[in-house]
Amino acid sequence: MTLARARVVLLYVLCFGIVCYAAVAYGLLPLGELVNATMQATYRAHPAGIYTHVAGAIVALALGPLQFSARLRSRRIALHRWIGRTYLLGVGIGGLGGLYMACFAYGGPLARVGFAALALAWLYTGTRAYAAIRRRAIDVHRAWMVRNFALTFAAVTLRIYLPVSAVVGIDFDVAYPIVAWLCWVPNLVVAEWAFNGHPGKRTAPDSSGRRSAFVK
Numbered sequence: 001m002t003l004a005r006a007r008v009v010l011l012y013v014l015c016f017g018i019v020c021y022a023a024v025a026y027g028l029l030p031l032g033e034l035v036n037a038t039m040q041a042t043y044r045a046h047p048a049g050i051y052t053h054v055a056g057a058i059v060a061l062a063l064g065p066l067q068f069s070a071r072l073r074s075r076r077i078a079l080h081r082w083i084g085r086t087y088l089l090g091v092g093i094g095g096l097g098g099l100y101m102a103c104f105a106y107g108g109p110l111a112r113v114g115f116a117a118l119a120l121a122w123l124y125t126g127t128r129a130y131a132a133i134r135r136r137a138i139d140v141h142r143a144w145m146v147r148n149f150a151l152t153f154a155a156v157t158l159r160i161y162l163p164v165s166a167v168v169g170i171d172f173d174v175a176y177p178i179v180a181w182l183c184w185v186p187n188l189v190v191a192e193w194a195f196n197g198h199p200g201k202r203t204a205p206d207s208s209g210r211r212s213a214f215v216k
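The sequence shown begins at 1 in the working numbering and counts up by one.
I should point out that these hints are in silico values taken from the structure, not numbers from a laboratory.
Note that the structure is predicted; figures quoted are calculated from it, not measured.
Even for Gly, the Cβ is constructed at its ideal location relative to N, Cα and C.
Check each hint, because a few of them may be wrong.
Label pairs and their calculated CB-CB ranges [what the hints assert, rightly or not]:
| id | residue 1 | residue 2 | range |
| --- | --- | --- | --- |
| 1 | R81 | L110 | 38 to 46 Å |
| 2 | G17 | P186 | 13 to 21 Å |
| 3 | W193 | V113 | 19 to 27 Å |
| 4 | V9 | R85 | 24 to 32 Å |
| 5 | V189 | L28 | 34 to 42 Å |
| 6 | A48 | E192 | 18 to 26 Å |
| 7 | V189 | G108 | 32 to 40 Å |
| 8 | V190 | A41 | 31 to 39 Å |
| 9 | Y21 | P47 | 32 to 40 Å |
| 10 | N36 | I138 | 23 to 31 Å |
| 11 | F104 | R75 | 43 to 51 Å |
| 12 | A78 | V167 | 43 to 51 Å |
| 13 | D173 | Y21 | 20 to 28 Å |
Given only the sequences and the hints, what does the whole structure look like? Please build it.
What follows is the structure, encoded as structure tokens:
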């Protein structure tokens, strides 16, 4: 297996792993069963908000990796477009739910502002991606989609950083407000540097393991 292929496989495993986790945690278990008592109380006080956020995020995280498949774009362009519409609908629903829930986020003002900024950035980049493709600015659309998926991937990085912080002995009350920013700001920086970093073409592995061009 090539390094590019391994990265793609890892992307799918991480995304679908979190999708499955969220489906179980919010679809099969009592609401807030896997979080602390304070967060559980918040979730149960605002069930519509948390379920809206999770449902949209599940759709976006499940479909996002498929949008970077050059094979899908070249062979099944109609399917690519419908997946893209559904993905952005998930972003819109998840982003609005996330923005609402950010007002009640555990961890105080730092966490609330961090999650609110993530939700706003998620909605903004999704809107820019949609506007670009509507005017057939494909390269601009791809660049905004890279940024948007980097923010979608915060669902994964959040659930990596929190256990790691616990393992290294950082108290949850200290770690959580920091992770509210750490889960998405570095994602966006890496996406911008790696794929949209200069006016020339950038390349990223698609889901077939080949290189797919992105242009700012």
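Hint by hint, here is what the structure shows:
For R81 paired with L110, a C-beta distance near 39 Å keeps the hint of 38 to 46 Å intact. For the hinted restraint 13 to 21 Å between G17 and P186, the CB-CB distance of approximately 20 Å keeps it satisfied. Range check, W193 to V113: Cβ separation about 24 Å, and the 19 to 27 Å hint holds. Checking the proposed 24 to 32 Å range against V9 and R85 shows it holds: the Cβ atoms sit about 26 Å from each other.
As the Cβ distance of V189 to L28 is approximately 35 Å, the hint placing it in 34 to 42 Å holds. At about 34 Å, the beta-carbon gap between A48 and E192 misses the expected band of 18 to 26 Å. Checked against the hint of 32 to 40 Å, the pair V189 and G108 fails, with Cβ atoms roughly 24 Å apart. For V190 and A41, the Cβ-Cβ distance of about 35 Å falls inside the hinted range of 31 to 39 Å, so the restraint holds.
Between Y21 and P47, the C-beta spacing of about 19 Å breaks the proposed range 32 to 40 Å. The hinted range of 23 to 31 Å is not satisfied by N36 and I138, whose Cβ atoms lie roughly 45 Å apart. Checked against the hint of 43 to 51 Å, the C-beta distance between F104 and R75 comes to roughly 45 Å, which is consistent with it. Between A78 and V167 the CB atoms are about 46 Å apart, so this pair conforms to the stated range of 43 to 51 Å.
The given range of 20 to 28 Å is respected by D173 and Y21, whose C-beta atoms sit roughly 23 Å from each other.
When each numbered hint is compared with the structure, violations occur for hints 6, 7, 9 and 10.
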